[in-house]
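Peer 1: Chain order of the listed sequences is E and D.
Start counting the first sequence at 1; every next residue gets the next number (my numbering).
Start counting the second sequence at 304; every next residue gets the next number (my numbering).
Among these hints, one or two may not hold up.
[To be verified] Sample of chain E residues lacking proximity to chain D, with all beta carbon distances greater than 10 Å (derived):
id	residue
1	Asp-17
2	Ala-170
3	Asn-181
4	Tyr-196
5	Glu-246
6	Asp-255
7	Arg-260
8	Thr-270
9	Glu-279
10	Ala-298
11	Ala-301
[To be verified] Here are the simulated distance ranges between beta carbons:
id	chain 1	residue 1	chain 2	residue 2	range
12	D	Gly-331	E	Leu-213	26 to 32 Å
13	E	Leu-213	D	Asp-490	56 to 62 Å
14	E	Glu-70	D	Pro-330	17 to 23 Å
15	E	Gly-4	D	Thr-495	50 to 56 Å
16	D	Glu-470	E	Glu-146	17 to 23 Å
17	D	Arg-532	E	Arg-192	16 to 22 Å
18	E	Glu-185	D	Ile-310	44 to 50 Å
19	E	Gly-60	D	Gly-312	39 to 45 Å
20	E	Arg-291	D	Ile-310	35 to 41 Å
21	D	Gly-594	E	Arg-234	40 to 46 Å
22	D	Asp-490	E	Gly-4	22 to 28 Å
Read the hints as simulated data drawn from the structure, not as lab findings.
By construction, the Cβ of each residue, glycine as well, lies at the ideal position given by its N, Cα and C atoms.
In case you want the letters, here they are:
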Amino acid sequence: MEHGSIDELERALRDADYLPDRGLATALYLSLALEKPVLLEGEAGVGKTEAAKALATTLGARLIRLQCYEGLDMAHAVYEWNYPRQLLHIRAAQEGTVVPGPDGRSVLESELFGPEYLIRRPLLDAIDSDDPVVLLIDEIDRADEEFEAFLLEVLSDFQITIPELGTIAARRRPAVILTSNRTRELHDALKRRALYHWIGHPSIEREIAIVRLRVPGVPERLAAEAAAFVRGLRGLELAKPPGVAETIDWAMALDALGRRELDAEVVQQTLGSVLKYHEDIEAVRDATLSRLVDEARAAAASQ
Amino acid sequence: MASGDAIVGHVVTFGRVLREAGLEVGPGRVTDALRALEAVDLARRDDVYFSLRQTLVSRHDQLAVFDRAFEAWFLRAPVLAPSRDREPEPVLRAVEAPADRSASVGEDEPEGELLELGASPQEVLRDTDFAKLTEDELRRVRELMGRIARTRPTRRSRRRTPDPRGERLDVRALIRRSLRTGGDPVDRPLRTRKTVPRKLVLLCDVSGSMDSYARALLLFLHATVGAGRGVEAFAFGTRLSRLTPDLATRDPEAALARCTAAVVDWGSGTRIGASLREFNEVYGRRGLSRGAIVVIVSDGWEREDPALVAREMARLARAAYAVVWVNPLKGNPDYQPLAGGMRAALPFVDRFVAGHNLRSLEELAAVLAGIERRHAA
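Only chain D is shown next, with the shape it has when bound in the complex:
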């Protein structure tokens, strides 16, 4: 090919453009792209387009970025960077506490004793409403949350693993071992089903009415997502944002800063029904909620039609293993679930718990660990 070098240069540059736009384009992919271009007719623009797309993109949500870059590359139009209208608000920046680690109370606590914190400062902290926490307290709360979040509901896997007290005979092992004894089975190797964590889906309301709780609850989301596979986190106000990739960073402050940037409608109004519908349609339909424990954190103030909340909750509850609703307002002894959205949702909720302080999150962890399917009856 006469223009071989020119093509290599083009594709390498294009790969760099894509990398800048946030795609993971390694040398392996660029090599594949070049091999693909060798196999197709370069005069046909659609063949070139698909060859590059199929070798350089591997996720559906990157297609739009690729298309924009491809247009720019071919038509020499400037690349429009995806822009956010709003600057990330400094809400969560405030979590960056002074670096004085020795002030941290939770630090010396031995692992595994999370529910036995006897000392009084923690006791006070556990009962303090999140809305009233200072920055420093919030930082200490974060450490305690990490331990609570490790409690995960489990389900039985279909896979079996060797276990001397198992319930099923491991015939393969039986035959192997029986050979040592001339074909007589002496040992009885057994297998049992493994227990694996159940999928956990967290939907957190970040609308204006939840503002004072949102940052504490996002810390909780971060700790939970960090607790292992199979956890998905979303934020919603007027629309839904998926937070799992943003929360996957180890450092809580960095993760929270990314979340603030990712959530476009921070502190706005609430459209619970519409957000749930978006969840059901985009993620639920792909099976995310099937067999999962879905935890919704919201005060239930719906600005629009409560009937939509009821309809979408019904859909969600049918697919999910169990639905838990965490309402910080429930921490107030005088609270009655009168808000229209809350009332509409309650019939489809398996467990209704408070979430205004650490103690209530401990309760939530206990509920999650022991939850049984109830609404299926």
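Next up, chain E with everything else stripped away, as it sits in the complex:
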């Protein structure tokens, strides 16, 4: 499905249960229009990964996700030969004879390194796809710099060379979304290839709207109070300020408990869905917690 304008894409994302701000919608739209990868950076939990999922839904495309980690290598990112099957095939062939084929290679070799013994990992899968694809390269900052250099090559040519099979070029370019939590700066060359968009925490109105969209049936007042409370938490100096993902989880938990509004007691019981560090939970107790609850209730009442 094509999207003719930013407005159209914004609407389509909304229909896919994702509420982008104008900047993110512009970034995704330009990424499609200019056929360039887009790099999304921002604090954890602001919805970088979700954006890719929603984009795939609006395009009717398959989402292929490559989760990066330290030590990620070609065998896990691009392709790998299926060794057990190859060995079985060799065993079977030993019963018969190995005959040279017309191209000089033995029949056995051309059989062994055929597509049926190839295990496709995300990058090859995305390049070698006939259907529309959104390729999500998640947390690229966690991969080694060597892998980043390799990725740069793939993202410039959209082709992959497998020595035994030859070069596989993309028949249609996948939409590419890279995300980074900024644990380190990425290489300039990679950044030059991509559009760059920084995602901040959403405004209070948008956060309430997101919660109501993602937690169907949540009482309006509860959504507003939860969003306002989380906003208050972000104003404290915490080890890990909660993102939208935490607000959604928390609203779900409160809703499941049958709550219609916040009070200090229930916040204390459920704080673990919002704050993930012991120090943070310690820092938000008793007086601070009551104050934040009161402020959130007041803010929600004036919405």
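Using the hints, position chain D against chain E.
Peer 2: Same frame as chain E, now just chain D:
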């Protein structure tokens, strides 16, 4: 588009404005910006803003500069250059020694013999307290430091590399080679894990009480940052400054001059706890300290609450592989870690070493090379 040429002119000029403000805006980015503007509605200011920002900026810390330039460009307000309140002090300028290279003692020393400097002038130099060095001596010290700094702690990577004495069978190579022998594996190719340098994070106190050591230790930071990837350097007094980009210049004098300009609170008071908190929150949270060796260079004089030092040290020590504290005062045999900040920090320190002269930096290098995780127990 009727006004096409005008837009090209605008964007090219805007690109120049950004370049002057310190952003790297090449022709490729300007082309992208023009293509992006073609794809959006020029009447909507926010779409124009995001189109330009997403094509011309690629780093979070450049967003503020971009916003200022964009405001100026659209509203025709004058661009306010980011200003520093203080002129860089000439502390490190003094390092610029006379150009007489032949006077350098370390020059003829063969590579790799850094710990075997037998001759007496170096011997004296090695034991001289940094606070008492002359300019010329400091220059010679710099060369010796470069060699010490190349010693880096290592960790095992998850990547494997071919190695005849490796511990894991390389099945891919095995199958390829077995084809030559009709499917029978004759060779047994092996792979082993690579050893790569561990991340190293240096936090250097540049407050007033450390003044006499700061320039020598900054030279050490420069040499270490130059030693390879994965080294990050910070300076702190009352607040934290990241020095890695400033130290990345090859020329030590130029690098040090840039550092002096970058550190706003040179020679001020010390807020170790607050600086550590800033480090933990801004850089630690992004994973910089995870698995890293963190080296803190400070005399431990905390002006504020030692309890904050303890709390932030605990956070740091949990994420880091090991924490090393270098205290120049420890070089004095009578020294006792009585300063409040130092006492609060010590329980979370894996190694506590002196750092007042070259010999102690050699010791530091040896400690870094052989460090094991201790506090994890």
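Peer 1: Give me the numbers of the hints this structure contradicts, sorted from smallest to largest.
Peer 2: 3, 4, 9, 12, 14, 18, 20, 21 and 22
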